[in-house]
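From first to last, the protein sequence lines are chains A and B. In terms of numbering that gives the first Met the number 0, the first sequence opens at residue 0 and continues consecutively. In terms of numbering that gives the first Met the number 0, the second sequence opens at residue 0 and continues consecutively.
Be aware that one or more of the hints could be misleading.
[To be verified] One side only, chain B facing chain A, incomplete, derived with CB under 7 Å:
hint	residue
1	W69
2	I93
3	C160
[What the hints assert, rightly or not] With a straight-line Cα cutoff of 20 Å, these simulated SDA-like cross-link-like pairs (lysine to any residue) come out:
hint	chain 1	residue 1	chain 2	residue 2
4	A	K94	A	K261
5	B	K167	B	F182
6	A	K261	A	R206
7	A	K261	B	R60
8	B	K120	A	R32
9	A	K261	B	T12
10	A	K15	B	G59
11	A	K261	B	R96
12	A	K94	A	T257
13	A	K15	B	F182
Just so you know, the hints here were simulated from the structure itself, not pulled from any lab data. Backbone N, C-alpha and C fix where the C-beta goes; we use that ideal spot for every residue, glycine too.
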Amino acid sequence: MKWQSQMSESLFYHFKIQYKVIHALILREIHTRYGRDNLGFLWLVGEPILFCSGVAIVWTAIRPAREHGLAMTAIVVTGYVPLTMWRHCLARAIKAYEANGSLLFHRQVTPFDIITARTFLEIIGTIMAGLFVALAAIMLGFMKTPQNYGLILLGLTYQCFFCFATALIGAALSEMSDFIEKIVSIFSYLSLPFSGAFIMVAWLPLRYQWILLLSPMANNIEMVRGGQFGISASVRYDLFYNTWMTVLLLIIGILLTTNIRKHLEITG
Amino acid sequence: MIKCDGIIKEFHTSSGVRRVLNGINCTVQRGEKWGILGHNGAGKSTLLRIIGGVDLPTAGRVERDMSVSWPLAFSGAFQGSLSGLDNLRFIARIYNRDYAEMRGFVDDFAELGNHLREPVKTYSSGMRARLAFALSIAIEFDCYLIDEVIMVGDARFTERCRQELFDKRSDRSLIIVSHSMDFIRETCDHSMVLRDGKMTICASVQEGVDMYNNF
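Next comes chain A alone, as it looks inside the complex (with noise of 0.2 Å):
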């Protein structure tokens, strides 16, 4: 029992550990990237706020109002924002370990810590942007009020557990191989038609459907069309195999990111 006791409040001592590693790494994530003069933690929120106002404003503006009978705005909205999440979380885990070499100076920081700090801020920032720019779009009447918040919520859950799971893989294959750094940016460009983020399952014909079903934010953003649209919308996803596509994803990344310190070559 005593045991027990050791081992259950050692653990629990890690987890505080960490816990505090991650606060500690997420504060100055923002002071790196922002400095402390500038707006740093407004900017963090403002960039994707931009990038999805201007999209949508774009899109809006030169594309028929309505496509398949769904409205533009909102298509746009949908899709872009976890786009948007993905590709920042991606970029920012390319080479995170050698741009964060001098924190790995301090044992209690592990490349684990460096990607989950980097992921939340990310995370964060587009959540609350595609937040305001839905707000600012169902204000100004070109966009409706969701029709189903369960099932956005659940969308947006998937696509963050996504986008750890890609950044992790992203940020360890980075680090063992230039190549794979060159190409990652590549790979993220090619893969937008795959993303679902401008199109949707049911315009596709049937017998290629699959093909979009395979990727997992293919699917999030189904699932978060679905309850932005509600009954109004045809949606296809496939919870079963993005569940587990999404956990085998996490596993590689976790087990790759746990061998990654011995090809890191650390220079402060």
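Chain B: place on chain A using the hints.
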């Protein structure tokens, strides 16, 4: 106690794999002061970094059952774009120390004044050394890993380091990497010599110094 057990470290270079450390075994007990001697490129700093947990060995393991500082050298441990104060704040957070208390000590010890508000990358190497020492002493490690090059400060700084580290904290362990025989003779009570990836533990400091001079 710190115990290195069969440490092997290889680096991948353009001319193939280079084995810098080839099976290092050593034990450092609480309160012992070790000097590591060796020529340039012998792998002294690499060993220090492995003991500090910055680099992982290719094979072998390091056991630590006391708190060990990060390797104190010119580079590392600080984020250059952040100010000295922000670095202090971060380190206070992750080592669970009180910020105000630490700030007081660092102000007093490092005497950096308003420079603390400037980014660390603008510091001279002497200023970096003072900040690194002040922070690690404020954290109160059981064992300090010191790359001797960092002890280049002016006479006043050297004197303060001596006071804080060697007098007030004489119960702590030290592992010092150095080229200065006088310094090692003065501060250490054990020595080891690193050559061709192998470590020789010497019976006395003087023996290590002689061995180093005869290479």
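Hints versus structure:
no. : hint            : verdict
1   : W69             : holds (4 Å)
2   : I93             : holds (5 Å)
3   : C160            : violated (20 Å)
4   : K94/A / K261/A  : holds (15 Å)
5   : K167/B / F182/B : holds (18 Å)
6   : K261/A / R206/A : violated (45 Å)
7   : K261/A / R60/B  : holds (13 Å)
8   : K120/B / R32/A  : holds (16 Å)
9   : K261/A / T12/B  : holds (15 Å)
10  : K15/A / G59/B   : violated (29 Å)
11  : K261/A / R96/B  : violated (30 Å)
12  : K94/A / T257/A  : holds (16 Å)
13  : K15/A / F182/B  : violated (41 Å)
Consistency with the previously given hints fails for numbers 3, 6, 10, 11, 13, ordered from lowest to highest.
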